[in-house]
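Novice: Here are the chains, one letter per residue:
There are 2 protein chains.
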Amino acid sequence: MKISNRMMAMQASPIRRLVPFADAARKRGIKVYGLNVGQPDIETPPEFMDAIRNAEIKVLAYANSKGDPQLVKATSDYYKRIGLPYEPEDIIITNGGSEALMWAFIAVADVDEDILVPEPFYTNYRSFAAPYAVNIKPLTTYAENGFALPSEAEIVSKLTDKTRAIALSNPGNPTGVVYTREEVEMLAKIAKEHDLFIIADEVYREFTYEGLKATSFGEMTDILDRVIIVDSVSKRFSACGARIGSLATKNKELPEQILKLGQSRLCAPTLEMIGSTALYQLDPSYFDPIRERYQNRRDVLCDGLAAIDGVLCKKPMGAFYAIAKLPVKNAEDFAKWMLTDFNDNNETVMVAPVENFYQTPGMGVDEVRVAYVLKTDDLKRAVEILDKALKVYPDRV
Amino acid sequence: MKISNRMMAMQASPIRRLVPFADAARKRGIKVYGLNVGQPDIETPPEFMDAIRNAEIKVLAYANSKGDPQLVKATSDYYKRIGLPYEPEDIIITNGGSEALMWAFIAVADVDEDILVPEPFYTNYRSFAAPYAVNIKPLTTYAENGFALPSEAEIVSKLTDKTRAIALSNPGNPTGVVYTREEVEMLAKIAKEHDLFIIADEVYREFTYEGLKATSFGEMTDILDRVIIVDSVSKRFSACGARIGSLATKNKELPEQILKLGQSRLCAPTLEMIGSTALYQLDPSYFDPIRERYQNRRDVLCDGLAAIDGVLCKKPMGAFYAIAKLPVKNAEDFAKWMLTDFNDNNETVMVAPVENFYQTPGMGVDEVRVAYVLKTDDLKRAVEILDKALKVYPDRV
Chain A
995 MKISNRMMAM QASPIRRLVP FADAARKRGI KVYGLNVGQP DIETPPEFMD AIRNAEIKVL
1055 AYANSKGDPQ LVKATSDYYK RIGLPYEPED IIITNGGSEA LMWAFIAVAD VDEDILVPEP
1115 FYTNYRSFAA PYAVNIKPLT TYAENGFALP SEAEIVSKLT DKTRAIALSN PGNPTGVVYT
1175 REEVEMLAKI AKEHDLFIIA DEVYREFTYE GLKATSFGEM TDILDRVIIV DSVSKRFSAC
1235 GARIGSLATK NKELPEQILK LGQSRLCAPT LEMIGSTALY QLDPSYFDPI RERYQNRRDV
1295 LCDGLAAIDG VLCKKPMGAF YAIAKLPVKN AEDFAKWMLT DFNDNNETVM VAPVENFYQT
1355 PGMGVDEVRV AYVLKTDDLK RAVEILDKAL KVYPDRV
Chain B
995 MKISNRMMAM QASPIRRLVP FADAARKRGI KVYGLNVGQP DIETPPEFMD AIRNAEIKVL
1055 AYANSKGDPQ LVKATSDYYK RIGLPYEPED IIITNGGSEA LMWAFIAVAD VDEDILVPEP
1115 FYTNYRSFAA PYAVNIKPLT TYAENGFALP SEAEIVSKLT DKTRAIALSN PGNPTGVVYT
1175 REEVEMLAKI AKEHDLFIIA DEVYREFTYE GLKATSFGEM TDILDRVIIV DSVSKRFSAC
1235 GARIGSLATK NKELPEQILK LGQSRLCAPT LEMIGSTALY QLDPSYFDPI RERYQNRRDV
1295 LCDGLAAIDG VLCKKPMGAF YAIAKLPVKN AEDFAKWMLT DFNDNNETVM VAPVENFYQT
1355 PGMGVDEVRV AYVLKTDDLK RAVEILDKAL KVYPDRV
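From first to last, the protein sequence lines stand for chains A and B. Under our numbering, the first residue of the first sequence carries the number 995, and numbering increases by one thereafter. Under our numbering, the first residue of the second sequence carries the number 995, and numbering increases by one thereafter.
Quick caveat, the hints were computed from the structure, so don't treat them as lab data. Be careful, since some hints might not be right.
Identical copies look the same in the list; a pair holds intra-copy or inter-copy alike.
[What the hints assert, rightly or not] No more than 25 angstroms apart at the CA atoms, straight line, and that leaves these computed lysine-lysine pairs for PhoX-like:
#, residue 1, residue 2
1, Lys-1131, Lys-1183
2, Lys-1025, Lys-1382
3, Lys-1074, Lys-1323
4, Lys-1369, Lys-1021
5, Lys-996, Lys-1183
6, Lys-1131, Lys-1330
7, Lys-1186, Lys-996
8, Lys-1382, Lys-1156
9, Lys-1207, Lys-1385
10, Lys-1382, Lys-1021
11, Lys-1021, Lys-1067
12, Lys-1183, Lys-1152
13, Lys-1330, Lys-1186
Using the sequences and the accompanying hints, generate a full structural model.
Specialist: This is how it looks when you write it as structure tokens:
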């Protein structure tokens, strides 16, 4: 018996590939500052666990395949508070943003059809598409200009008769880019003129800095039938382990069609839906101090990195990631060396190599993604350690 | 923009298709006895909610993609108690048995390859396979002989060079069949001789009656590298809403490969894994009174149905389903009529038409699936209502 080719061809998580080296470092007594994963240290609002602890449950029964009606309503109310037109009938609750993205990919693309994605992109987009034999096609963006989108002409030149959608995260993972209103409108125009869906992963919507507001594709009122919005409580409310996401669209056919996928896997986890309802009912002021905290952390980390000789790190305007170009031949080798061969006072730093966030070979080999999900003192120390490490790294360029 | 062909071609849940008619009946004040879905009324063991209520969680973080290590260990311990050899490294925790089945299908089959499944089968097998462009090929079994497997020669005649696996539920949904040790051994032999995987959905393992014990494919020691065991807490512990399942295999390559799918969707829901750990730590005697209760219900329902003139209902030995052949032209029309046009003292019964549980056109048109997940008094009354309904049904044959 042979394991399928598509299974064998799938990537192992490039973010998690270095984990064994970090574990070994910790076993040697070394403290590892983890800038590699987007797991916030912010406390989950207590309303989440309170709602679950107070739930009277005798039989933990299947929930509605579309989602617990109260959570669907709370999600719709959340959208309306931020000016987006999604009614309960437009929304399906999913097992995290992950499932919403997978379902969006299936819904728009048949076997061997393409979805265009600005690169670098969240590597799991590739893992979501691969089992369905959907191709991710890259649209390259560059650290040097803050990962702005290319021109309309260049984007259109990437479209083929197999392109079914443009998918993107905004604010962006791994880049932290927040697309301008003009960029969002340009993609909306392209979608309309070239008959495409837009799959808009907006899970970092609230995390924008210096007063900037991210433009949602849900504001592009003349193409709303082409827009699929993906959301999640994971980052928004620091509830990554809940695995509660959602998919929303004003397309008249899609919700009924996609619900067939929902019915096949029966429902999202019941308790976590109860907790997530409480999260979406929080007052919007919940985000203010958190946004401020992330902005401070971003400033500490990015200013610190940019001050290191040879490092390029443009300060991103959203999410809680930044990409740093390092003066090294190969950033994965450097990241591994930090864990296996370097320490400063028994401390080191773990970063995520970015090469695998690009689809185009050769891109991103000297880049790492850093997540500012640690306290500012820890971030300062992490910058100091990176500075010292780069000074003695043998493969520096 | 066009919704994908595969999305449009997917079935809506045939079990849930009649729900609007049941809702309308309830609105008219009619009590509906639901024999249509496998949602047990048994209370979820309180250990589940206790474990979650007592969990000290500040940040609800991502769990391990392979599953919470304590749940993996508890699942392995459960397997060892029942004589199956699955170690923690052989097990991956999934979002319900549903995700385990999807992953098994991807792992063994590429686009347009086939999986052979005895029909009638749990209709969602089709929905699990369709998005991946995997074909389900039916191996017909018949109500008249209790849905026993056909001969080895007949099964082998169904294999082609595209067949990658045989998938089946044992004890069976929707049939309640428990395959004999000889049947299980025959499939093991076929798998070995024809180089196939076996995907064994054994989520009803504990629900067997009259002292019978289901034979697990995990006991087929000379083909364990070909066996993928699918399990779930849903029915086992009446915790359907938890969405916690698992996949287990002694194949040396599969766990690492399938974990790539696990990493891409990050993790199963954290809280529900904490609760499920407590479930798998329950003493095995937990099942004794429940098994007895289901056996009583089965006897009430099946004996009652079999006594109705023109109804064929062989008493199944496992799970909590039975298939009844009714003296009607079309069982779906009858099921709908029960909800729209019939009532006895403002009460009626909802059953699941079985035609869609078959892949072969024309099979099962006069069959319904009944689940004995109600109290015996309610089952008695449901039988009485069905008897009265069949007496006056205009399309009786």
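Novice: If a hint holds in the structure, say so; if it doesn't, say that too.
Specialist: Do the hints match the structure? See the list:
Taking the closest pair of Cα atoms, Lys-1131 and Lys-1183 come within 25 angstroms of each other only inside a single copy of the chain (19 angstroms); across copies the shortest separation is 44 angstroms, beyond that limit. Taking CA atoms no more than 25 angstroms apart as the test, Lys-1025 paired with Lys-1382 passes inside one copy only; the shortest distance there is 16 angstroms, against 74 angstroms between copies. Proximity of Lys-1074 to Lys-1323 under the C-alpha cut-off of 25 angstroms is found in neither arrangement, the shortest distances being 48 angstroms within a copy and 50 angstroms between copies. Proximity of Lys-1369 and Lys-1021 under a CA criterion of 25 angstroms is satisfied intra-copy only: 23 angstroms inside one chain copy versus 56 angstroms between copies.
When the C-alpha separation of Lys-996 and Lys-1183 is checked against a cutoff of 25 angstroms, the pair qualifies only between copies, where the shortest distance is 17 angstroms, while the shortest distance within a copy is 46 angstroms. For the homomeric pair Lys-1131 and Lys-1330, neither the shortest alpha-carbon distance inside one copy (29 angstroms) nor that between copies (47 angstroms) is at most 25 angstroms. In the homo-oligomer, the alpha carbons of Lys-1186 and Lys-996 lie at most 25 angstroms apart only across protomers (12 angstroms), although the nearest pairing inside one protomer, at 43 angstroms, exceeds that limit. In the homo-oligomer, the alpha carbons of Lys-1382 and Lys-1156 never lie at most 25 angstroms apart, since the shortest distance is 48 angstroms inside one protomer and 57 angstroms across protomers.
For the identical chains of this complex, Lys-1207 and Lys-1385 are neighbours neither inside a copy (38 angstroms) nor across copies (67 angstroms), given an alpha-carbon limit of 25 angstroms. Taking CA atoms no more than 25 angstroms apart as the test, Lys-1382 paired with Lys-1021 passes inside one copy only; the shortest distance there is 22 angstroms, against 72 angstroms between copies. Within a single copy, Lys-1021 and Lys-1067 get their C-alpha atoms only as close as 47 angstroms, which misses the 25 angstroms cut-off; across copies the closest is 22 angstroms, which meets it. In this assembly of identical chains, Lys-1183 and Lys-1152 lie within 25 angstroms of each other by CA distance solely inside one copy; the values are 15 angstroms within and 51 angstroms between copies.
Neither within a single protomer nor between protomers do Lys-1330 and Lys-1186 lie at most 25 angstroms apart by alpha-carbon distance, with minima of 45 angstroms and 43 angstroms respectively.
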